[in-house]
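**Student:** Each chain, letter by letter, is given below.
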Amino acid sequence: MFKDLDPILHSQLRLAVVSLLISVEEAEFTYLRDKTNATAGNLSVQLNKLKDAGYIDIKKQFKDNYPQTLCKMTAAGIDAFEQYVKALQSYLQAGQNGTDS
Amino acid sequence: MADKTLSEQESLALITNMIQKARNSFNENGNGAMLWGAVVGLCGLLSAAKGFLKIDLPFDPWLLTLLAFIPQFIITYKEGKSNMVRSHSDKAIDAVWMVYGISVFALVAYFNIIGPQSERLLQDYGYEVFRKEIGTDGYEPMRLFPLSPISLLILLFAIPTLITGITRSFRPMIVGGILCYLFFVISLFTNTNYDNLLAGISAIINWLIPGLIMRKKYKEHRRTHV
Numbered sequence: 669m670f671k672d673l674d675p676i677l678h679s680q681l682r683l684a685v686v687s688l689l690i691s692v693e694e695a696e697f698t699y700l701r702d703k704t705n706a707t708a709g710n711l712s713v714q715l716n717k718l719k720d721a722g723y724i725d726i727k728k729q730f731k732d733n734y735p736q737t738l739c740k741m742t743a744a745g746i747d748a749f750e751q752y753v754k755a756l757q758s759y760l761q762a763g764q765n766g767t768d769s
Numbered sequence: 007m008a009d010k011t012l013s014e015q016e017s018l019a020l021i022t023n024m025i026q027k028a029r030n031s032f033n034e035n036g037n038g039a040m041l042w043g044a045v046v047g048l049c050g051l052l053s054a055a056k057g058f059l060k061i062d063l064p065f066d067p068w069l070l071t072l073l074a075f076i077p078q079f080i081i082t083y084k085e086g087k088s089n090m091v092r093s094h095s096d097k098a099i100d101a102v103w104m105v106y107g108i109s110v111f112a113l114v115a116y117f118n119i120i121g122p123q124s125e126r127l128l129q130d131y132g133y134e135v136f137r138k139e140i141g142t143d144g145y146e147p148m149r150l151f152p153l154s155p156i157s158l159l160i161l162l163f164a165i166p167t168l169i170t171g172i173t174r175s176f177r178p179m180i181v182g183g184i185l186c187y188l189f190f191v192i193s194l195f196t197n198t199n200y201d202n203l204l205a206g207i208s209a210i211i212n213w214l215i216p217g218l219i220m221r222k223k224y225k226e227h228r229r230t231h232v
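Heads up: the protein sequence lines correspond to chains A and B, in order. Count along the first sequence from 1, add 668, and you get the number used in our numbering. Count along the second sequence from 1, add 6, and you get the number used in our numbering.
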């Protein structure tokens with residue numbers, strides 16, 4: 669029986685963001701925008717969806733008089749990502765077995 | 007990047023690609039390592055020269071290390087401003103160097119306190135230490151002092167350097183850290199002048215040379231990942 673892929677993570681931009689954040693302690697909004705090549709507006713919407721799901725923490729602060737947005741994975745987010753990767757592996761493995769037989 | 011739904015293969019490729027991009031975020035420009043390598047190296051070599059050549063300096067060359075804190079604060083401030091991302095290893099390595107800094111101060115306090123304090127404790131037990139020059143009959147009170155203090159500093163240099171080298175898989179710092187342990191052992195058999203020389207060489211091998219290599223890699227990375 670296949671597990672359903674988490675719909676929050678199973679979208680291009682949100683998965684890209686989570687994959688970046690899982691690799692680092694925390695990252696600025698501009699870093700995520702640069703690495704994903706997303707528009708600021710779209711990225712902002714997707715970050716809020718991840719935040720609402722409890723997968724990331726967003727901290728807004730001022731740094732040298734400029735607003736700074738810092739994003740960080742939560743424990744729930746790390747857990748969801750691990751489950752997502754496991755589910756993905758089971759799909760791919762099933763596909764592989766199907767091809768082999 | 008749009009917000010489209012992916013196939014399983016595309017998801018996996020995206021995850022791999024993003025993790026790779028995060029790993030390529032090269033923050034370390036080597037400025038701190040170069041600064042401390044140059045300053046501590048200079049202090050060690052100056053102290054050794056002072057001892058070997060009997061140069062009269064009006065100050066202890068090791069006090070120059072205090073001056074390095076000013077540029078270090080500027081470097082920390084500027085890097086804090088420019089770094090957009092902080093990796094898990096950055097956090098761990100920063101903690102190691104902070105603990106190292108505290109330990110250096112603690113060790114310097116030990117060097118200055120342990121001698122007089124030991125004399126006081128011995129006096130409480132009713133003892134006093136005297137020294138006798140070989141070939142003479144006279145005894146005179148002896149001031150106690152920590153033995154081979156620079157050896158302990160060299161030993162301390164090795165710890166954060168080796169941890170950083172292993173964590174970052176950065177061979178120059180691994181080699182530097184291992185050589186530091188070797189210099190520590192050698193310094194147990196040498197006098198203070200050679201100890202100072204070994205401390206200076208340790209700083210150059212541990213920090214100045216790796217810092218210069220880091221700087222070069224950082225510049226190359228900036229050129230290819232603009």
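I should point out that these hints are in silico values taken from the structure, not numbers from a laboratory. Quick caveat: nothing in here was measured; it's all calculated off a predicted structure. We treat Cβ as the ideally placed atom computed from N, Cα and C, and that holds for glycine. Hints should not be assumed to be uniformly reliable.
Computed Cβ-Cβ distance ranges for the label pairs, DEER-style [unchecked claim]:
hint: 1; chain 1: B; residue 1: Leu113; chain 2: A; residue 2: Leu760; range: 29 to 37 Å
hint: 2; chain 1: A; residue 1: Lys740; chain 2: B; residue 2: Ser88; range: 14 to 22 Å
hint: 3; chain 1: A; residue 1: Asn710; chain 2: B; residue 2: Asn23; range: 53 to 61 Å
hint: 4; chain 1: A; residue 1: Asp732; chain 2: B; residue 2: Leu128; range: 52 to 60 Å
**Student:** Could you run down the list of hints and mark each one as holding or not?
**Tutor:** Each hint tested on the structure:
no., hint, verdict
1, B:Leu113 x A:Leu760: 29 to 37 Å, "violated, 54 Å"
2, A:Lys740 x B:Ser88: 14 to 22 Å, "holds, 19 Å"
3, A:Asn710 x B:Asn23: 53 to 61 Å, "violated, 18 Å"
4, A:Asp732 x B:Leu128: 52 to 60 Å, "holds, 56 Å"
Of the numbered hints stated above, those contradicted by the structure are hints 1, 3, listed in ascending order.
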